[in-house]
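Undergrad: Listed here are the chains, written in short residue letters.
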Amino acid sequence: MNAFYNRWLGGKKGTIELAILAAFIFVVLPLGLDVFRLNMVGKYLTYAFAAVGLVMVWGYGGVLSLGQGVFFGIGGYCMAMFLKLEASDPISTAHQTTPGIPDFMDWNQVTHLPLFWEPFHSLTFAIVAALVLPAAFAYLIGAAMFKRRVGGVYFSIITQAIAAILTILVVGQQGMTGGINGITDLKTMHGWSINTNSAKYVLYYVNAALLLGSIMLCKYVLSSKLGRLLLALRDKEDRVRFSGYDVANFKIFTFCLGAVISAIGGAMFTLQVGFMSPSFIGIVPSIEMVIFAAIGGRMSLVGAVYGTLLVNYGKSAFSESFPSLWLFLMGAMFIGVVMVFPNGLAGLYETYLKNWFEKLLSARLSVRSNAIRGGLPNEQ
Amino acid sequence: MSNDFALAVEDLTVSFDGFKAVDNLTLYVEKNELRVIIGPNGAGKTTVLDLICGKTKATGGSIKFNGVELTKFPEHRIVQAGVGRKFQTPSIYENLSVLENLEISYPKGRSVFGSLMFERTQDVTDRIIEIAEMIFLSEYLEKQAGLLSHGQKQWLEIGMLLIQDPALLMLDEPVAGMSVSEREKTAELLGRISNGRSMIVIEHDMEFVKRIAHKVTVLHQGKVLAEGNMEKVQHDPKVIEVYLGH
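Sequence order for the protein chains is B and S.
Counting with my numbering, you get residues 64 to 443 for the letters of the first sequence.
Counting with my numbering, you get residues -3 to 242 for the letters of the second sequence.
Hints should not be assumed to be uniformly reliable.
For lysine-lysine, the following DSS-like pairs were computed, each having C-alpha atoms within a straight-line distance of at most 27 Å [stated by the list, open to error]:
| no. | chain 1 | residue 1 | chain 2 | residue 2 |
| --- | --- | --- | --- | --- |
| 1 | S | K53 | S | K219 |
| 2 | S | K219 | S | K16 |
| 3 | S | K53 | B | K299 |
| 4 | S | K206 | S | K234 |
| 5 | S | K27 | B | K299 |
| 6 | B | K210 | B | K299 |
| 7 | B | K299 | S | K68 |
| 8 | S | K219 | S | K60 |
| 9 | S | K60 | S | K181 |
| 10 | S | K139 | B | K75 |
| 11 | B | K422 | B | K75 |
| 12 | S | K206 | S | K27 |
| 13 | S | K181 | S | K219 |
| 14 | S | K104 | S | K68 |
| 15 | B | K210 | S | K234 |
| 16 | S | K211 | B | K210 |
| 17 | B | K76 | S | K16 |
| 18 | B | K299 | S | K104 |
| 19 | S | K228 | B | K417 |
| 20 | B | K210 | S | K53 |
| 21 | S | K139 | B | K422 |
| 22 | S | K228 | S | K211 |
| 23 | S | K228 | S | K206 |
| 24 | S | K68 | B | K210 |
In short, the hints are calculated from the structure, not lab data.
What you are looking at is a predicted structure, and each value in this text was computed from that prediction instead of being measured.
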């Protein structure tokens, strides 16, 4: 129990952080918003998965991936393929030239289901694939780059290129992927309609629970020796290497973890929004994810969630009134983060609010308590 | 080669764009020996250590450590084979505590999943405390390493290597920037830790070299200029000309 408290929740400070976030997501938002708005917040929270993944990859791993949309997309497409197959049963597609295949295939003169679609008849397979495929893909990219000690800006450029390539591939293979429109018109999951209001509530809560679970998983990883190694790596990579560690493996692991978390968000996006399209895997969404993490604070897991919510709230509020100005504002926000508050919202909190907040909570709140986890024996 | 040598470097060459930083170098270090390498700037001293620990790849020649060829190994494998190396400027994790610095260097949980599962058991803590006492830092375990004095950082890095118990320990200018009393303590420390392992030390401070060296190798332009005990090397006319004379 103590280990759970210290490592999964992050001690007293971490538990309070998580509790506030959980109260906000689980109670405040559902009480304060109608189902339409809540569903929108649910959509934003799926982006938060990608931002949380980026905190691990960029904030702690020290490598900026500009291709997290790729993993978000893989997760989303895996889920969408299952839902699309269920929506394309022979009865409801009886009017097609080839009944029983997704509508966009029929429009593109595809006459039988491509082989790689077949296993997506199974929900279990779709869920496993949504987790394993991004991990495997991230492993391939990571192994190819980190083993050769490619890092820094080259890594960013290559991941961005991968995002662009994958978008082009999906758009180009219209008959197999749905092209630029993506996979739309998703209706039911094992007969359970995902478009009703009650389903939207259920999915919102599932999504929120998964998000908190992902944050806790990251906390657990960071509280282990691996987490301290990541900090050490950012500081003196050579010292870690010459202490007997295969440095590349740790970066690959972090990149894979970020990819899987991002993919969970993608899968939940498909379920809550009801479609998946290439516009969520390309360069622009990938960079937006980086902005979410940057604004939240790239070293703060919970900050990433607030950052995502704030930027997206700003986006929808602002673009409803000044649609053409939003991109400028977002650019300005990013510049502001880089120049004025490099640690994002979390950094602002640390600098201005923390002391006040700690006094409010308790005089004994020790920040060091979770820095030295497990602690030294007391005989010293 | 005879097995009495812990380290056998033979015909080692590395060239950077045609410039031979290390040129056909042959060097044997025995078990339990403390060897000091001296030489003028640019003689290739640091490069030799870089080659042994794998930071630089050799153009030719061989490095055998207890009979195992190291030149083809990646860096972490060389460390795992028992070679520890301290860098010239203290290379420690400034943002972590002394304790965490030593813990990361503890030779367990070096794989990804090993490090996830790694627990700070009593054995680990005992060992950390033992090393911290050796390197005069037992009162600073909780202190952030970046806040230590320069000399203490040098000791910490030595401690980070000691905790791995390497069979060959290579130190690049371990007393650079140290006060006189810190030098004294370091000389004593090196004397103590050289028991049961081979050591290679690069150093400029001749007084210090005299105190610690079993044998001295003088490098000049990537080649061995002279080798032997301090007495012999100091009176070698070639050595006086290129190095000690100034």
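Undergrad: Any hints this thing doesn't respect? Which numbers, in order?
TA: 5, 9, 13, 15, 16, 17 and 19
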